[in-house]
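Engineer: full-length UniProt numbering numbers the first residue of the sequence shown as 1 and each following residue consecutively.
Honestly, the hints are just simulated from the structure, not real lab data.
Don't be surprised by glycine CBs; every beta carbon is placed ideally from N, CA and C.
Some hints could be false.
For each label pair, taking beta carbons as the anchor points, the in silico distance ranges come out as [to be verified]:
1) ASP490 <-> ASP529: 20 to 30 angstroms
2) SER4 <-> LEU408: 17 to 27 angstroms
3) GLU424 <-> ASP264: 30 to 40 angstroms
4) THR362 <-> ASP216: 25 to 35 angstroms
DSBU-like, lysine-lysine: derived pairs with alpha carbons at most 30 angstroms apart [said to hold, decoys possible]:
5) LYS109 <-> LYS32
6) LYS112 <-> LYS506
7) LYS438 <-> LYS304
8) LYS250 <-> LYS354
9) LYS506 <-> LYS531
10) LYS354 <-> LYS280
11) LYS519 <-> LYS531
12) LYS109 <-> LYS524
13) LYS528 <-> LYS112
14) LYS280 <-> LYS312
15) LYS32 <-> LYS68
16) LYS531 <-> LYS434
17) LYS354 <-> LYS312
18) LYS312 <-> LYS250
19) LYS112 <-> LYS531
20) LYS68 <-> LYS109
21) LYS438 <-> LYS528
22) LYS519 <-> LYS112
23) LYS507 <-> LYS528
24) LYS304 <-> LYS531
25) LYS112 <-> LYS280
26) LYS438 <-> LYS507
27) LYS524 <-> LYS434
28) LYS109 <-> LYS304
29) LYS519 <-> LYS304
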Amino acid sequence: MPISSPREAVDIREESVYDAVFADLRPEEESKPAIIDPLTGTTTSYGELRAAIDAFAGALAARGVQSKDVVALHCPNSLPFVVAFHGIMRAGATVSTVGSLAPAADIAKQLKDSGATLVLTATPLADAARGGAAQAGLPDNSVIDLFAPEGGLQSMLAEGAQAPHPHIDSRTHVAVLPYSSGTTGIPKGVMLSHYNLAANIRQVAPALQDIGLHADSTVMGVLPFFHIYGMNVLLNSTLRIRGAIVTMPKFDLEQFLQLHQQFDIDFSFIAPPIAVALAKHPMVGQYDLSALKYIQSGAAPLDKSLAEAVQKRLDVVVVQGFGMTETSPVTHNSIARVSPLDSIGSPVANTEFKVMELSDDTPIEQWAEITPPTNPGERSAAGEMWVRGPQVMLGYLNNEEATRNTLLADGWLRTGDIVNLDHEGNAYVVDRAKELIKYKGYQVAPAELEALILSREDVADVAVVGQRRAEDGEEVPHAFVVAADGATIDEQELLGWVAERVAPYKKVRFVSFLDAIPKSSTGKILRKDLKASLPEV
């Protein structure tokens, strides 16, 4: 049987993303700060933000943008991103967000696949945007630099154009077309409707409020808005709650800490690499972070020992959730002070899930309904998590096969993530199905080995991938390790240390040392890059 959410159901409406965020903005809320941009020293209120979005939508419509169009948004976290993102959807068009670090060749691929005819960018990224547009065959005037003093965002807002009133079906009209991270393969365009995104905003907002996010919160806005986690959780859900977001274009630890101190930030959305820095870096102790009360981690599993280290050092509440681009993104979130730290908790409202055998797609018996626990820490067998809810995507753009393999009958979506359960029904992410290392019939989870190695004080970061041995064709764990500042790690000592703490089939067989682990902008390990660098063995 599927496991349903224990949370109170929320009212899922047929509405646009704009309406989900701004339709019920009260007069007394219009003067509240919405976006704080430290780089420009500007603070934009909710009333000003909504007016700017309306004016930008009007400017796009005046340029011929219609509901059938796709507009690419290639911009760092900033007020122009927020205005353009919502303005594109307000005009009825589809926004396809592009990673800030994407080179011209990757931008061109996304423009061609998405069918985008207009590219909105920022001055620091404009060369790559123009190069990508040219490679995609778009004319020079298809690229607009939002940061430009002439022809940019402010010029477009000054036109004073009225926002259009497009007629769209919220269930079927694609609001956002982000591309999956591509950490294990080629990125795919994920079609998310207004209904999908608006539903998840309404599902996530009360979960965040239960943790401690409220209308007077000041929130750290460092997770990239172009990524679904930063887009619909950090940005849209915080705006719905009426918190203030301090924008940060890219992560820099010193600036991250300085902004927390300067703006008394009380709620911070992070990914595990930031948690590593907060737990281990000596610079953290140089700043006053006493205002910080809550940390929400996502984008990748957060190990229990790491979460405990952050909680202890900063005296904060740490929670984590689970999501993916294909689910807008959140399906699960832990409950502050209740859920185990290494758990993703339970489904958000109006969501259900089940755990399936990897071998034959049959359900694993619901653990919470088995005999009363004799060992509270005991876990169920692991299997692939399937989820269902109003936040599940429409499908992949131009990829019927991938859609067919991911979206199943009756609305179920295969996540590709391996989880198990405790007796309370909390879910725990073991690893990605595609990332499991298969050794002599056993399955080895890289995340387990990474958490173990990261517990050493002489290790700053680590990633584990499978490497095929030439001698027998078996896949064995290969650890890529970043030593802590000033530390020297002996390879054989590390191999022996791990071997003493794991089952024989889980032993790390090879170690390579790196200056940094390659990761996506949201902190996901780029395992395909590591696999490509593996030496012959």
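Engineer: If a hint holds in the structure, say so; if it doesn't, say that too.
Structural biologist: Here is what the structure says about each hint:
Between ASP490 and ASP529 the beta carbon distance is about 26 angstroms. The supplied range of 20 to 30 angstroms therefore holds. At about 18 angstroms, the beta-carbon gap between SER4 and LEU408 stays in the expected band of 17 to 27 angstroms. A hinted range of 30 to 40 angstroms for the beta carbons of GLU424 and ASP264 is consistent with their spacing of about 35 angstroms. At roughly 49 angstroms, the beta carbons of THR362 and ASP216 sit outside the given window of 25 to 35 angstroms.
Taken as a hint, the LYS109 and LYS32 pair is broken in the structure, with Cα atoms around 40 angstroms apart against an allowance of 30 angstroms. For the hint linking LYS112 to LYS506, the alpha-carbon distance of about 43 angstroms lies beyond 30 angstroms, and the restraint is violated. Distance restraint check for LYS438 and LYS304: the Cα-Cα separation of roughly 25 angstroms lies within the 30 angstroms cut-off, and the hinted pair is therefore satisfied. Between the alpha carbons of LYS250 and LYS354 the distance comes to roughly 36 angstroms, so the proposed pair goes past 30 angstroms and is violated.
Taken as a hint, the LYS506 and LYS531 pair is honoured in the structure, with Cα atoms around 18 angstroms apart against an allowance of 30 angstroms. For the given pair, LYS354 sits about 36 angstroms from LYS280 by alpha-carbon distance, which is inconsistent with the 30 angstroms threshold. A C-alpha spacing of about 13 angstroms is found between LYS519 and LYS531, which places the hinted pair at or below 30 angstroms, so the restraint holds. Distance restraint check for LYS109 and LYS524: the Cα-Cα separation of roughly 21 angstroms lies within the 30 angstroms cut-off, and the hinted pair is therefore satisfied.
Taken as a hint, the LYS528 and LYS112 pair is honoured in the structure, with Cα atoms around 23 angstroms apart against an allowance of 30 angstroms. For the given pair, LYS280 sits about 12 angstroms from LYS312 by alpha-carbon distance, which is consistent with the 30 angstroms threshold. A hinted pair counts as satisfied when its Cα atoms are at most 30 angstroms apart, and LYS32 with LYS68 does not qualify at roughly 34 angstroms. In summary, the hint linking LYS531 to LYS434 is supported, as the alpha carbons are separated by about 13 angstroms, within the 30 angstroms threshold.
Straight-line distance between C-alpha atoms of LYS354 and LYS312 comes to about 34 angstroms, which puts the hinted pair past the 30 angstroms bound. Simply put, LYS312 and LYS250 have alpha-carbon atoms about 26 angstroms apart, close enough for the 30 angstroms limit, and the pair holds. At most 30 angstroms may separate the alpha-carbon atoms for a hinted pair to count; LYS112 and LYS531 meet this at roughly 28 angstroms. This hinted pair checks out: LYS68 and LYS109 have alpha carbons roughly 20 angstroms apart, not beyond 30 angstroms.
Proposed proximity of LYS438 and LYS528 is supported: the alpha carbons are some 17 angstroms apart, at most 30 angstroms. As the CA atoms of LYS519 and LYS112 are separated by approximately 25 angstroms, the hinted pair is consistent with the 30 angstroms bound. Distance check on the hinted pair: LYS507 and LYS528 sit about 21 angstroms apart at the alpha-carbon level, within 30 angstroms; holds. For a cut-off of 30 angstroms, the pair hint linking LYS304 to LYS531 stands: about 27 angstroms separates their Cα positions.
The hinted pair formed by LYS112 and LYS280 fails the criterion: a straight-line CA distance of about 43 angstroms is larger than 30 angstroms. Only pairs whose Cα atoms come within 30 angstroms are accepted, and LYS438 paired with LYS507 is accepted, the gap being roughly 12 angstroms. At roughly 14 angstroms between alpha-carbon atoms, LYS524 and LYS434 fall within 30 angstroms of each other, so this suggested pair holds. Our distance criterion of 30 angstroms between C-alpha atoms is broken by LYS109 and LYS304, whose separation comes to about 39 angstroms.
For the hint pairing LYS519 with LYS304, the CA-to-CA distance comes to about 21 angstroms; that is within 30 angstroms, so the pair holds.
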